[in-house]
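Chains as they are written, first to last, in our numbering: chain A, 39 to 337; chain B, 59 to 807.
In case anyone wonders, no lab produced these hints; they're calculated from the structure. Certain hints may be false.
Which chain B residues stay away from chain A? Per the calculated CB distances, all over 12 Å, these [as the list claims (entries may be wrong)]:
1) Q180
2) G449
3) V710
So the derived list for chain B, only partly shown, Cβ under 8 Å to chain A, looks like this [claimed, not checked]:
4) T361
5) P362
6) N431
Everything numeric in this text was worked out from a predicted model, so none of it was measured. Just so it is clear, CB atoms sit at the ideal spot from N, CA and C, and this is done for glycine as well.
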Amino acid sequence: MDDLYIKPGNQERGWNDPPQFSYGLQTARGPHRNLLNKRAAPGVGAPPPTPPSSNPLSPPPRGVTPPPLHPARPPLGCVATPPPPLGPMRSQRPADSSQSESEPDVERVVSVLNRALAACRQTVKDQVCSDVAKRLRLLEDSWRSGRLSLPVRRRMDTLSLALQSGQWDSADEIHRSLMVDHVTEVSQWMVGVKRLIAETRKLNPELLEPLQKPADPDQVPAEPDQVPVDPDQVHAGPDQVPVGPDQVPVDPDQVHAGPDQVPVGPDQVPVDPDQVHAGPDQVPAGPDQVPVGPDQVQD
Amino acid sequence: MATYQEFIQQNEDRDGVRFSWNLWPSSRLEATRLVVPVSCLFTPLKERPDLPPVQYEPVLCSRANCKAVLNPLCQVDFRAKIWACNFCFQRNPFPPSYAGISEVNQPAELMPQFSTIEYIVQRGPTPPLIFLYVVDTCLEEEDLQALKESLQMSLSLLPPNALVGLITFGRMVQVHELSCEGIAKSYVFRGTKDLSSKQIQVGGDKGRPPQPENAGVFVFITRFLQPVHRVDMNLTDLLGELQRDPWPVPQGKRPLRSTGVALSVAVGLLEGTFPNTGARVMLFIGGPPTQGPGMVVGDELKTPIRSWHDIQKDNARHLKKATKYYEAMANRSAVNGHCIDIYACALDQTGLLEMKCLSNLTGGHIVMGDSFNTSLFKQTFQRVFSKDYNGDFRMAFGGVLEVKTSREVKVCGTIGPCVSLNAKGSCVSENEMGIGGTSQWKVCGINPSTTLALYFEVVNQHNAPVPQGGRGVIQFVTQYQHSNTQRRIRVTTIARNWADAQSQIQHIESSFDQEASAVLMARLGVFRAESEEGPDVLRWLDRQLIRLCQKFGQFNKDDPTSFKLSESLSLYPQFMFHLRRSPFLQVFNNSPDESSYYRHHFVRQDLTQSLIMIQPILYSYSFHGPPEPVLLDSSSILPDRILLMDTFFQLVIYHGETIAQWRKAGYQEMAEYENFKQLLLAPLDDAQEILQTRFPMPRYIDTEHGGSQARFLLSKVNPSQTHNNLYAWGQVLKHFKLSEIAGLGFAKL
Numbered sequence: 039m040d041d042l043y044i045k046p047g048n049q050e051r052g053w054n055d056p057p058q059f060s061y062g063l064q065t066a067r068g069p070h071r072n073l074l075n076k077r078a079a080p081g082v083g084a085p086p087p088t089p090p091s092s093n094p095l096s097p098p099p100r101g102v103t104p105p106p107l108h109p110a111r112p113p114l115g116c117v118a119t120p121p122p123p124l125g126p127m128r129s130q131r132p133a134d135s136s137q138s139e140s141e142p143d144v145e146r147v148v149s150v151l152n153r154a155l156a157a158c159r160q161t162v163k164d165q166v167c168s169d170v171a172k173r174l175r176l177l178e179d180s181w182r183s184g185r186l187s188l189p190v191r192r193r194m195d196t197l198s199l200a201l202q203s204g205q206w207d208s209a210d211e212i213h214r215s216l217m218v219d220h221v222t223e224v225s226q227w228m229v230g231v232k233r234l235i236a237e238t239r240k241l242n243p244e245l246l247e248p249l250q251k252p253a254d255p256d257q258v259p260a261e262p263d264q265v266p267v268d269p270d271q272v273h274a275g276p277d278q279v280p281v282g283p284d285q286v287p288v289d290p291d292q293v294h295a296g297p298d299q300v301p302v303g304p305d306q307v308p309v310d311p312d313q314v315h316a317g318p319d320q321v322p323a324g325p326d327q328v329p330v331g332p333d334q335v336q337d
Numbered sequence: 059m060a061t062y063q064e065f066i067q068q069n070e071d072r073d074g075v076r077f078s079w080n081l082w083p084s085s086r087l088e089a090t091r092l093v094v095p096v097s098c099l100f101t102p103l104k105e106r107p108d109l110p111p112v113q114y115e116p117v118l119c120s121r122a123n124c125k126a127v128l129n130p131l132c133q134v135d136f137r138a139k140i141w142a143c144n145f146c147f148q149r150n151p152f153p154p155s156y157a158g159i160s161e162v163n164q165p166a167e168l169m170p171q172f173s174t175i176e177y178i179v180q181r182g183p184t185p186p187l188i189f190l191y192v193v194d195t196c197l198e199e200e201d202l203q204a205l206k207e208s209l210q211m212s213l214s215l216l217p218p219n220a221l222v223g224l225i226t227f228g229r230m231v232q233v234h235e236l237s238c239e240g241i242a243k244s245y246v247f248r249g250t251k252d253l254s255s256k257q258i259q260v261g262g263d264k265g266r267p268p269q270p271e272n273a274g275v276f277v278f279i280t281r282f283l284q285p286v287h288r289v290d291m292n293l294t295d296l297l298g299e300l301q302r303d304p305w306p307v308p309q310g311k312r313p314l315r316s317t318g319v320a321l322s323v324a325v326g327l328l329e330g331t332f333p334n335t336g337a338r339v340m341l342f343i344g345g346p347p348t349q350g351p352g353m354v355v356g357d358e359l360k361t362p363i364r365s366w367h368d369i370q371k372d373n374a375r376h377l378k379k380a381t382k383y384y385e386a387m388a389n390r391s392a393v394n395g396h397c398i399d400i401y402a403c404a405l406d407q408t409g410l411l412e413m414k415c416l417s418n419l420t421g422g423h424i425v426m427g428d429s430f431n432t433s434l435f436k437q438t439f440q441r442v443f444s445k446d447y448n449g450d451f452r453m454a455f456g457g458v459l460e461v462k463t464s465r466e467v468k469v470c471g472t473i474g475p476c477v478s479l480n481a482k483g484s485c486v487s488e489n490e491m492g493i494g495g496t497s498q499w500k501v502c503g504i505n506p507s508t509t510l511a512l513y514f515e516v517v518n519q520h521n522a523p524v525p526q527g528g529r530g531v532i533q534f535v536t537q538y539q540h541s542n543t544q545r546r547i548r549v550t551t552i553a554r555n556w557a558d559a560q561s562q563i564q565h566i567e568s569s570f571d572q573e574a575s576a577v578l579m580a581r582l583g584v585f586r587a588e589s590e591e592g593p594d595v596l597r598w599l600d601r602q603l604i605r606l607c608q609k610f611g612q613f614n615k616d617d618p619t620s621f622k623l624s625e626s627l628s629l630y631p632q633f634m635f636h637l638r639r640s641p642f643l644q645v646f647n648n649s650p651d652e653s654s655y656y657r658h659h660f661v662r663q664d665l666t667q668s669l670i671m672i673q674p675i676l677y678s679y680s681f682h683g684p685p686e687p688v689l690l691d692s693s694s695i696l697p698d699r700i701l702l703m704d705t706f707f708q709l710v711i712y713h714g715e716t717i718a719q720w721r722k723a724g725y726q727e728m729a730e731y732e733n734f735k736q737l738l739l740a741p742l743d744d745a746q747e748i749l750q751t752r753f754p755m756p757r758y759i760d761t762e763h764g765g766s767q768a769r770f771l772l773s774k775v776n777p778s779q780t781h782n783n784l785y786a787w788g789q790v791l792k793h794f795k796l797s798e799i800a801g802l803g804f805a806k807l
């Protein structure tokens, strides 16, 4: 899922910089697990637990004893509190399905936004409209010249669908997620989209009719009820993950490899799976991994 | 109630209160003999998803110097429609709207489960929240770029109707006009001269036709503070175009940074326009103030910024003057009800020691990082705007906390991010602890985890009888502006039984909340450390611990192994041991800024977080079973374990020697060692859970046996195993005795 991921912190600029969580992960918290807040009580006067020398697993003088093979009790429950069966950070989605969604269509997205702007022109000040128009052109230019990464293009596609079907809250939420996760790419023009969402929300329903019509009859996805996005997910309620794990294709790069997930063969996954855990001594993602993550570009 | 532990937990969940003692000694003398004062940690705005606010105003006691709020502990005569105040015993008639009440039809505030209740006060329209950004432009290009983006991003997180303003500074201070039309304009102030609030308003109009007498305020509103939804496009561009301070910085010099004047302009601007309205000044700095009022260090690079050593030698030239300057400003801001955040990102010190009062007195945040282009800053900043289960911001403003006590108890003071409102009265003790001499405090910026420590005194005389069947009662009344701009009042009323310390000492002992007490004593220690010498504070803490152990411990004279503490005190010495070594009391190896930063967070977090700061949490992961908490002791470091340590400011994952070798050999990639892979992942998963919620974002350290970063773990554990291996746990108490005699602290690793 391209909006639920963790990327490494900036080790160049901050010592032991923590990993960075995407907006989706920060807002859509799974059921709260118990805090790790227990303390071992000292046995008064009792000696501390076994000293290292008595440890049966200590390595022999040369070489390393391998870890125990298939122990009688698999440490599946070895997270202090068992993880939720399908937490927001895990996805069971096989990698190949991510190919099933076609490349978002710039024409359609821009046309929706422009029609939304046209609908606003009657009520909103000219100056604001031309400012928004300027930013929409900026968006279009960036897209056409290939400066927008796939996650941004995909989310803009979803945003335009939400806007078209009048799901303002959801459109606004997607705008926020883009600002948080991809501010370098989107900050210059996103504020125009934000204004557009705010203005269309205030419009009379009649004025919105042209917006809700499909842009081009040939392009099926524009039909609001055939939208590949489940409307439920778009209404991002506080208790709901904005995008359900089952519905939206997964971006395998960024999926947190949960322990219950069998990793895909290494050649299929462009990233070192370690990357998701952003350990300081782990090398940040390889170039093919990054769908133009702003910060990684600067690294 | 089955156990005290359950009772304590239930009280914390319902009322946000944790008391040191849950049975109160019935006389002043007995109370002082218990060593730990009757005191509590109180979280005024603790999140209560199950508590919908009521839509009416509280009913107050009619006695002018009481005004306690009607609560479930009041005696009510339903027939006569009269209630008796449980603080002053005044009999009050119910207001006419309560005519319909009866035993079976009670208003919420009389029901026992509403010992905490929140009222929405209906008043006229309230102004929106205000966010004023004060931005240092003497930054490296990369940092400035990252900061600009974070600020642009924040415009999307603010409530759309919030007012925003922008002040930038370097050598000069610029107040930016945020109109949505025309060209960008700004007003420039010199950074060397302080300005009064009046001058700032006049200054803003310089070069303009004279304005009508009282138009000043209006001018400010329209020009400098604008609703986000109106100016977001222009402000985004304005931020995008911000340049580094254009004044050249000669070799061997620091850039000239007018932080003092910039803040003065910000505080003055809000003071003149929106006094007593929720507002946040957000100061972003990449270095110390170097000119004008409030300068912390000169611009000569060859003169380093003050260290603890300089301070001890009275060799910190600007310290007193700068501190005084910022304290005056903090107090002004507190009077206006505005809070000030400091986001300081630099590798060297930025002057937090001098400026900390800005946040500490107003309830603002301090965030300290290495660079604005780090995940630590970016995510911490995002979390300032986090929302609760209702979609409301987790921030509130202009809080006023008032404490009322029944007559056997008086309040000595509080320690937390607040200022005194100097409200004298019958519940105020003469014996001050923390910020005392008042029963009311102002907390300008407050959030659901903001926690105050409140200290009380039992004033009953020794020979007076235990108040018959009576209970001591304390009421907390918190008035504040909710982030949705409503005025609200939250009222918490608690009672505890009196106990005769001579005949019921065991009961009192088992009512001891050692976790709360450790934090409450630690706050007293940290409060003292701000004004006293470090060793004196440690000695004081040691003495308190020894007295407590003398009072409640069982031992045979001269036989250390015979020492025993009951279960309710068993962890307490351990907490004190780690507190003594913590950065809150030890300044060795920390800069003055770091010490200020750590203490800032320590005196405002809730019990759980404070306790993590005192004694870091250590969990051990192995093939032998589920993860388990282990002693924070070097004996817990074993070759076949992974350890996860949480110190609040750092998360450390430490791979034992064997684990590290296995990992290096790549066993986790082999299908038959899937279990090893799981073991490696488990602590990472748990760490993530912490990383996702902690504010501020902690540093994250993934290390292994022999790794240089293992020092973060080694410096925290009790060094029970050293080259000349000693004993283990028993020595903690011995150390205390030694240190008591010799006045020595523990050697730091």
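Quick rundown of the hints versus the structure:
no., hint, in the structure
1, Q180, "holds (26 Å)"
2, G449, "violated (6 Å)"
3, V710, "violated (9 Å)"
4, T361, "violated (26 Å)"
5, P362, "violated (20 Å)"
6, N431, "holds (5 Å)"
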